[in-house]
Amino acid sequence: MEQITEDVKRIMELSSLKGVLIKGVISNTTATQAGFKKGDVLLKINGKEVNTTTETMKLISTYKGGDEFTYEIIRDKKIIQGKSVFKALPFEEYTDIDMQYTATETVNGIQRIILSKPKNKVKVPAIVFIGGIGCYSLDTPLDTNKSETKLLNTLTRAGYVCIRAEKPGVGDNMNCKPCNEISFNEELNGYVNVIKAIKKYDYVDSNQIYIIGHSMGGVMAPLIAKQSNIKGIIAYGTIGSNFIEYLAKTRRTIGEAYKWNPDETDAYIKEYCECAFYYFVEKMTTSEAAAKKETCKDYLSIFDYRSRKYNNELYELNIPGAWKSFAGKALLMWGESDYISSKEDHQIITQTINTYHPGNAEFVTVKATEHGMKDAITFQQAQTAPGSYNPVVAAQILQWLAQS
Amino acid sequence: MVGTILNKYFMKNKNYLHSVIFLVLIIFCNTQAQIITFNKLCTDFIKGYNELDIPATDLDYKVNFSGIKSKDELHKQETFFLNYSKQLSKLDIRKLGVEEKLRYHQINYEVNINLERILLEKKWNLDGRKTPDNGLYQLSNYKDWYAYYIKHFTSVNITPEEVFEMGESEVKKIQTEIKKIQTSLGYIDEDSFFKYLQSDTFYLSDKEQILNAYAQIDQTVRKNLYKLFPQIDIPQIGVMEWPDATASTPPGMYLDKANNPYGKDIFQYNFYRQKHNTRAMEWLYMHEAIPGHHLQFVMRNTNSDSSILRNNFFYFGNAEGWACYVEDYGKEMGLYQNNYSYLGKWQWDLVRSARLVMEVGIHYYGWSREKAMQYWKDNIKGQDEIADREITRITNWAGQALCYKAGALTMKKIVKQKLKQGNSIIEAHQFLLLHSDFPLEVLLNWA
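Each protein sequence line maps, in turn, to chains F and Y. Convert by adding 982 to the 1-based position in the first sequence; the result is the number in the numbering used here. Convert by adding 45 to the 1-based position in the second sequence; the result is the number in the numbering used here.
Source of the hints: derived by calculation from the structure; they are not laboratory data. Take every hint as true, because none was put in to throw you off.
Lysine-lysine pairs mimicking PhoX-like chemistry, simulated, CA-CA at most 20 Å apart:
#, chain 1, residue 1, chain 2, residue 2
1, Y, K116, F, K1101
2, F, K1019, Y, K309
3, F, K1020, Y, K309
4, Y, K168, Y, K114
5, Y, K167, Y, K116
6, Y, K121, Y, K167
7, Y, K302, F, K1059
8, F, K1040, F, K1005
9, F, K1065, F, K1046
10, Y, K376, Y, K268
11, F, K1020, Y, K302
12, Y, K131, Y, K146
13, Y, K188, Y, K175
14, Y, K225, Y, K426
15, Y, K240, Y, K422
16, F, K1103, Y, K116
17, F, K1046, F, K1026
18, F, K1349, Y, K416
19, F, K991, Y, K309
20, F, K1279, F, K1252
21, F, K1182, F, K1101
22, F, K1103, Y, K114
23, Y, K309, F, K1059
24, F, K991, Y, K302
25, Y, K309, F, K1005
26, F, K1005, Y, K302
27, F, K1101, Y, K114
28, F, K1020, F, K1060
29, Y, K302, F, K1019
30, Y, K114, F, K1099
31, F, K1252, F, K1274
32, F, K1241, Y, K320
33, F, K1213, F, K1105
34, F, K1101, Y, K121
35, F, K1105, F, K1178
36, F, K1231, F, K1241
37, F, K991, Y, K252
38, Y, K224, Y, K422
39, Y, K175, F, K1349
40, Y, K309, F, K1060
Starting from the given sequences, assemble the full structure and let the hints guide the process.
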């Protein structure tokens, strides 16, 4: 989908900027079923106007497969109204990988588990992928070029069963609270339940379970390991210090990514820390903090994507302390163009583990790679135009797995 | 008149005539049989090729490595291409028509380049599937890999050494051209000249002005087009800003009607940070629109060739080579009338030529990023802001940046050949435009 700009309006001879342009239609989806075509302008769904792509996606995500809907589109300068049914997302399919879509009951409701399994293998080690802080789904069959999918498919082809543990409250999960209402510990306990369930699968070697914790998933990983028997953890682009320190450190790299002058970055860090103090220490809401300092509204709005409880629990954590008790092997990975996490945090975790469990942790950097595991030579490029998924991430993980 | 003379001749030689007809019929039937066999071979080849599910080439070599198939799959592919290599060698191509002959050589080209790829991929699997992260040079057999990538993207049989040499020589030539313009504009000092070129004078930030300027360029080009290019109705092209442009967005892009949602053929220009370089406008329009990609697409659709191979393969060297080749005809098209727009053409040509040197440097001679950056600084003045982007591009997209210059220079050779054969420049261009879905190597050697 694409926004209707003045250019699009002029070229397509539209009468207003209303709606979103359908850039293309993927087969076997709700759009094809409804008969949408490339070049249609979607104006309304169930009577509600859609004028931005974010707005449209947000609205669509509130419906489930099987729900009926009405729509209004412009095709060839004429308004067309119609009715259709939302279609559930298709399953991913590969010739050399067995995909299995299953689910388990967790503390949060019924959580979706997506498994990619090597063909014709009887019992294999398993890798559970835990995603970052955002409320996003790992079920993206219409875009299999996502880093997570590419990474896990490579690991599957190398002989591991890979498990995408869906975040509660997104995708196909049932009877769950919305993701943005769930707390940090509730989400974490959901993953513990998922791991317990997959250990029962006959093709999973329950003594060889690994976790890949991406970003916030890396914070959760050692805490999950406390309640499950985990052989090893791979943490990519994660946090290794208290949350306030992490925020301060990474505001500096954000400044570099946006090419701010050092004095501008310094002022930004100072203001940001002040806002973070209001929010995390004094437990103010975003609006209360904004009343104290106007810029806090912008700086803190990102935290409103998760619940107050989630953020409170995150703030209370002693992250190195969580790693202290992890006796398994750990690989800490940091992309050299990742301005969202700090290299130092990965070194802190490595040092913590090796202090209490000598030789168990290894720290590696991935050249020219950003937070989302995509190609980027510099912080600036990571911010403006990262490339595609860097397969070196999988190669480095496989190398470590072979030695661990 | 011609018919009467022939009739008299045949009446006198009736017996002879019968045998001639018989002979002609045998030859005709034999030729028809060959064409039928060849058409069937083409159909089976495409069907089998599609069934192999060979991943489409990504611009990023690392993505291509991650998609390399297993040993068994590669064996299946190898058997398929070896079988066609055998079948093609058995065909008597003398009995094929001109177009069929070109298609024959196209399949042969595909068979050979795929066998070359399979050999490399088999070895890569044996070596433990290790993907180099900073260029092909890190592979033990980097010379073979890079030679393959050059061939794949340019569709020209050219060695890395030749590309490097071509790049160096083009860089020198273009630097001389730029120097000439600098002098003619009265600038003795290079630094102050390039500083002036960075000034706001050369940037438009009003979209209305940009659209008007492009409309003017379009009008001028259309008025002069048929002096050098075939007469054909060329639909209007929609001009718009490249949506969501970033610092890495190239100067412009062409999207034909079938590949965009706007309902017409589109030319998008870079309006990153709300400004557009006026020096780039003329060459850019020629490259992306007319007589570049837009004319190429329009002309391709007029081709009556019914071969099943038609538009089944895409050759970067042919598509980008053409668009780059036509930029040289700006003056004939009524453009480059002022020194600055002509300078704009050379400035971008310099980037393209330097890419040849730096790319071979990185993938073939093991240059570090720093060395490539130094080469940029030593040879390209006043374009530092895109250096990082360009070096990243050539590091990740092995071979792709070569298709512009290598393609354009090969097109020049083909045109020269066609002129030698007695064709006019318009006919030579028509030939290239009608054969935009062929590897350039085939057109160069067999047309």
